[in-house]
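Chemist: Please build the complex by placing chain B on the supplied structure of chain A, with the hints as guidance.
Protein chains in written order, with the working numbering: chain A, 1 to 662; chain B, 1001 to 1662.
Fair warning: there could be bad hints in the mix.
As the list claims (entries may be wrong) - Pairs of lysine-lysine residues, derived as DSS-like cross-links and limited to a Cα-Cα distance of at most 25 Å, are as follows:
no.: 1; chain 1: B; residue 1: Lys1176; chain 2: A; residue 2: Lys362
no.: 2; chain 1: B; residue 1: Lys1133; chain 2: B; residue 2: Lys1404
no.: 3; chain 1: A; residue 1: Lys362; chain 2: B; residue 2: Lys1362
Rather than coming from a laboratory, the hints here were simulated on the basis of the structure.
Protein chains: 2
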Amino acid sequence: MSESQTFSITFKISGGSSAEIDSAPGEIHFQAPKGIPLLEAAKQANVAIDAPCSGNGSCGKCLVRILSGRAESEKSRHISPESYEEGWRLACQTKVLGDLTVLVPGSAGAFKSRMKIADFGDSRERGIFDALKAELDNLGYTGNSGLELAVLHLKTPEIDDPMADRERLLHGLAEKFGLDESGVNISLFALRKLPAVLREGDFSCTCVIRREGEKASPEISILDIYTPNSGPKNTAGEPILPALAIDIGTTTVAMVLTDLLSGELLAMGSEGNGQIRYGADVISRIIESTRSGGLERLRRAVLDDCMLPLIRELASKAGIETSQIYRVALAANTTMTHLFAGVSPEFLRLEPYVPAFFHSGKFRAVDLGLPAHPNAELLLAPSVGSYVGGDISAGVFASMLFMKEKCSLFIDLGTNGELVFGNGEFLMTCACSAGPAFEGGDISCGMRATDGAIEACRIDGSTMTPSLTIIGGGKAAGVCGSGLIDLVGELFAAGIINPKGKFIRQSDRVCCDEWGMSSFVIVHGKDTESGNDLLLTEGDIDNFIRAKGAIFSAIRTMIAMLDLNMDAIDEVYIAGGIGSGINVERAVRIGMLPSIPLERYHYIGNTSLSGAWAMVQSQKAAEKVDEIARGMTYLELSAHPSYMDEFIAACFLPHTNGDLFP
Amino acid sequence: MSESQTFSITFKISGGSSAEIDSAPGEIHFQAPKGIPLLEAAKQANVAIDAPCSGNGSCGKCLVRILSGRAESEKSRHISPESYEEGWRLACQTKVLGDLTVLVPGSAGAFKSRMKIADFGDSRERGIFDALKAELDNLGYTGNSGLELAVLHLKTPEIDDPMADRERLLHGLAEKFGLDESGVNISLFALRKLPAVLREGDFSCTCVIRREGEKASPEISILDIYTPNSGPKNTAGEPILPALAIDIGTTTVAMVLTDLLSGELLAMGSEGNGQIRYGADVISRIIESTRSGGLERLRRAVLDDCMLPLIRELASKAGIETSQIYRVALAANTTMTHLFAGVSPEFLRLEPYVPAFFHSGKFRAVDLGLPAHPNAELLLAPSVGSYVGGDISAGVFASMLFMKEKCSLFIDLGTNGELVFGNGEFLMTCACSAGPAFEGGDISCGMRATDGAIEACRIDGSTMTPSLTIIGGGKAAGVCGSGLIDLVGELFAAGIINPKGKFIRQSDRVCCDEWGMSSFVIVHGKDTESGNDLLLTEGDIDNFIRAKGAIFSAIRTMIAMLDLNMDAIDEVYIAGGIGSGINVERAVRIGMLPSIPLERYHYIGNTSLSGAWAMVQSQKAAEKVDEIARGMTYLELSAHPSYMDEFIAACFLPHTNGDLFP
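The shape of chain A in the complex, shown without the other chains (with noise of 0.2 Å):
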C-alpha cells in the first residue's frame, strides 16, 4: 500500500436546510487519503457536519454513521453501545481506512437548530429597536444617510439642442441643486439606464443621488435612475431607498433591510454562520484561515452559504432588485471582519495582536461581494482591537454609552463576551473568550431558544426533581443559554453539585457512565423528544463555568484597572441575541455577572445589528461609530498580569471570594 493512498467516501445527507445542503442534496463524493480523520474529510469535500470543540472529541457534536466501509475509532461517552454497535461514531474521532459510505444526519439541520435568531423579528427585540429608532430619530441620528430622490423635468433635445443625455441631466440636476456642474456625477449602472428611461419617461426622471464631499464643494453622484414612479415602493405604495444592515456573529449573521428615507424596516432575517464547520470559535476560524486556501475558504462560507441567499430572501420578501440596495453598513467581530473582507487575520492571534485594519475606508459592497448597487457604499464598524470589533463600537453606538452620564457597563454576550465600561467622557473595552457555551455549543444538551429547550427550571432540593420551563410547551429536546444557568444555579442550590461543578449528592437523577463521567438526568428518554435521557454532564457543568468565570473575571479586572469596585457600575446594559432570555437574578446566583441592586440591570437587544441600522441609516451616526472606536481606550486581557488569577478565582460557584456574592 502506497503512502498516497486515497479511499473514496460518499457522504449521504440526511434532511438540513442550509443553501448548500438544498442546492445538492443526497450525497456528495470525496477521495480521501488514507487515515485521514473522517471530519477533516468531510471540511474538506465541503460538507457542513457540526464540530464546536473544532475536533477534540469533548463536545460530541460531530455524530456520524458508518453505513459501510472501514474506519478506525475510538470509544467515547457520548456514543452508548447501542449506538455504537449500530454505527454511530465522532467524525473528528474516526480514521478513513477504506472506502466508506457515510450518513450525516441533517449536519446543516444541526448547527442551524443551534442558532440563536437575532434579528428583529420576535415582538421583544423589535420593541428595543423601535425604542432606539425613536430615540436616534429625536436626536437627528436618522435621515442623514446622504442618499435621497430628486425629480427631474428636462428639455427634450432637438436638433439644434443636441446635447449629449448625460451631460442634459448633469446640467437639470445641477441646476437644481445650485451646484456647479463638475460637481455633479453618473455611475456607469445609470448611465446604461439612461437613453431608455429619459425617452420612456418623455425627459423626466427620478433619480437616486448620493451627496458627497465637504460642504465646500459639494458633490452629487446619481447611483440610479427611474422613469417617474417606477422605482422601489413600500407597501403603502410610497417610494423607498433600501439600504442593507448586517451583522456577521460568529455563530449568527443577522440582517434588516431598511428604507433610507422612512426608516422603516422593510425586511428582516437570521441564518447561521456557515463557517461553523470550521470551528465555533474565532481562534479555530484564524488557525483554518492560514491553511492552505483556508482564508477564501472561510470567506466563501459566510459569504454563499449564508449571506448571498439570506440577501435575496430579503429583498425578494421587500419586492425590490439586489441592485435596489443603496447603502450597506456591516457590523462583525474583528476576526469576521477580517475574513469577510478576505483579509488574513493570522496576526490577530498572534504577540502583539496585531489586526490589519481597525478602520476599513469606504469599499464598494460589491468589491466584497455583496449583491447590491454596483456603486454602493458598504460601511465596516471599525474595530477597537483583535478582539474588540466592529459590532462593538457599533453596539456601544447602539446602547448609547457615549452619552451617559452615569458609569456604565455594556456587555455584549455571543461567541466572546466583549465588555464596555465608561459614560461621556471615557471608554474602556476588553474580550473574553467566553466560548459558545450560552449559545448551545460546547454543551452536549445545548440548543438555541426555540420550541423544545428548557429555558427555566427549578429543582426540588429533597427530590431532586427538576420542574421545567420548555418553550412551545412539548416535549424537551435540550437546554438553552437561560436554562443552563438556571440549570447550574439549581444544582448547586439544592447541594447537588459543589462549589467546582462536581456532583456531591447521590440520586437516580445522578448517573456515571464507563469513562467515569457524571451526569444529571434533566429529563428522562420516556419524555424527551428523542427518546434519549436529557444529561447535562460535568464537563458540561465545566464548560459553563468556565463560560462564566471568563466574564465575571473580564469585567472585575477592567474594574479593579480603574481603582473601582463593582458599587461604581451604575447601570448595566446587557447586548447580544442570547442576552435575552438571561435571568439576571440568577446568573448573578452562579457568580456570572456582578452583585448589584437588579434594576441596574437592562437588556438592549443586538446592539450590533441595531448599530449598523443606524451607521447605514445616517453619516451622523457612521462618523460617531467611528469617534466611538477611536477614542476606546482597548486593554489586552491576555496581556494583563492578575486576569488569569481572576479567572481561576472565578471559576467557581459562585466565586471563591464569597464577600463578591453576599
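Modeler: Just chain B, lined up with the frame of chain A:
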C-alpha cells in the same frame, strides 16, 4: 414540416487566427431555424465571417463552401461558375434548407488581413510618436499622472504599540507627505496584501499611490503595496508603473502599455475589432446593437475577442500582471465608446442625433471588463458629437491643433473620416462616412498594407499595362488604400475610366462578367498569389469615388461655412493608420484632398492612440483633452443644407467643378 424546424449546421473553420478561433479550432456546431441566411446563422453561432457590406451581397467577402447539405443561394458575380460548382457561396445570400456542413475559409484571418496595423510597432509611426513625446515632455504634458511610488519604513508593532497594519501604514504615509491621516486611504486589493507584505519586508514597503482631490484638501490612495524592490520593473531593472492606452477603431484596436514614471513604451500591439462580423461601419453596428442582446454581443465582441487577449499579451511581453496596470485611457469614436461602455448608441443615428454621453466621468477599468488593478481609473476621451468622438478629442490634442497660430485642418482617415479645422482660437469639427474603402473593405480586391498588397502603381497610357509596387516584392494579393488611390488616378489619367468611374476604353485588360459588371484586370491570374485574376470592378471604383467624395465635400462644406476658401488652409495634419501610406499628390489628383501646396500636408500617425497615451501619462493632458472637446463646434453635416449637393459634386474625378483642381 413545422414552422419552427431547425437544422444542424457544422461550421468547419480552416485557418484563422483570432483568439476565438484559436480557442475553439476546428468545428462549431449550431442549430439554425429553417430559411435563415447562413451569414446570420454564423453570427448567432459566433463564427466570424467577414461581411463588410453587412450582408447585401455587394462586397463578395463572405465566401463559404457548402461541403454537404441543402441550401438555396442566388448566383453572384463574385463567384465564378467553377467555384459555384465546387460549392462556394456568399453566406449572406444563402438560405439554410437542411443540415449543412460549411467550410469557413480562414474567416478570422480574412477579416484580420484587412486590418491596418495602427500601433507604434513600425519605425515610421514610432518616430512620429517619439517626436510627439519629446514635445509633450517639453510642454509639461507628461509625468503628472497622479501616480507615483512611495517607499516607507514603519515602526514594528509591539505589545504596547498594537496599532493595526492599515493605520500604521496610513500614519506613516500621512507623515511622509505632510497630510492629515484622514486624507489617506488604501484599496481593498492592497489591504488584502498588507499583513504579509509588511511582515515579509520587516515593515518597510513600497506603495503605489495615487494623488487625488483638490490642492486644498489633497488625498492619497494606496493602490498597491510591495516588499522593497519586488514591484514590476523594466528591462533595465528600474521600477515601473504600468498603464495602458487604448484606441478602439471601427476596424482595428491598438494599444500601448506604458510606464508612468519614465513615459517609455513597454509593449504595443493591435488586433482586429471583433465587431466587424456585425458590419464594417458604425451604422451597421448601431443597428445590430438595437437587436435583442445586440448591445452585449457587440460589447463582448470587442472586449473578449480582441481587447482581453491583446492586453494579456502586452502584459506578458512587459513581464507584468494585468493587476499591475494602474491607469487606463481609451479613445474611440462615439459609437465605439458607447458600445465599449455597454451604453446604447441607438439614438446616435436617429434625429436629433443625441449621444447618451459626451463625457463619462471617471470609471474603474474593471467595471468595464478590462483586466487591470481593481482601482485603476479608466479615462474615456470625451466625444464632441454623434460622429466626432474621443478619438478626435484625443487626436486634436496630439495634433497640437489647439496651440497652432495658423489655420490648420486635421483629418482622421478611417472607416469614418473626421475633420477638425481651426487653431488656438477656435476649433470646428464634422464627420463624414467614408466607409471602409480606405481600409480595404467595400473593395473586392481590397486588403491592408501588408505583404502582397499593391501600394503604388503607374499605368502605361497606350498599352494600359500597370507597373506595380508590391509590398514585400512577391506576388500581388490585393490592393491597399494608397494603391487604390494610385490605381483610380492612373485609370482616369489614362482615359480608361471617365470622371464617373465608368470604363470607356476597350482592351483585353477590361472585361465584363455575365451580370454586366466591367472590371480592370490589375494582374492576370498566372501572376497572383491565388491564381485568379486580380480585378478592380466598376463597383469598387464607385465605392471608392463615394469615399473620396465624402471627404472632400465635408472639407469644402466646413470651410465654406466659415466663408473661407481652400487657400485658407495653412496646414493639413493627416491622422489615422491609413493615412500613413497615402501619396498626397495623387490623392489631390483624384479630388480627395484639396489642391493646396503639397508641403502643407503632414502625416501625424495614429493620434487617437498617441492622444490616449498622453491622457494616461498626464492629468494635465487629460484635462486639456476635455477642454478641447468642450470647446469644439460640432457641425452636423447631415443637417447641413448644402452638404448633399457638395457630395454629389465631389463624386466625380476629380470634381464637377474643375476650378477646384486646376
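Chemist: Hint by hint, say whether it matches the structure.
Modeler: These are the hints, each one checked on the structure:
Proposed proximity of Lys1176 of chain B and Lys362 of chain A is supported: the alpha carbons are some 23 Å apart, at most 25 Å. In summary, the hint linking Lys1133 of chain B to Lys1404 of chain B is supported, as the alpha carbons are separated by about 17 Å, within the 25 Å threshold. This hinted pair checks out: Lys362 of chain A and Lys1362 of chain B have alpha carbons roughly 18 Å apart, not beyond 25 Å.
The structure shown violates none of the earlier numbered hints.
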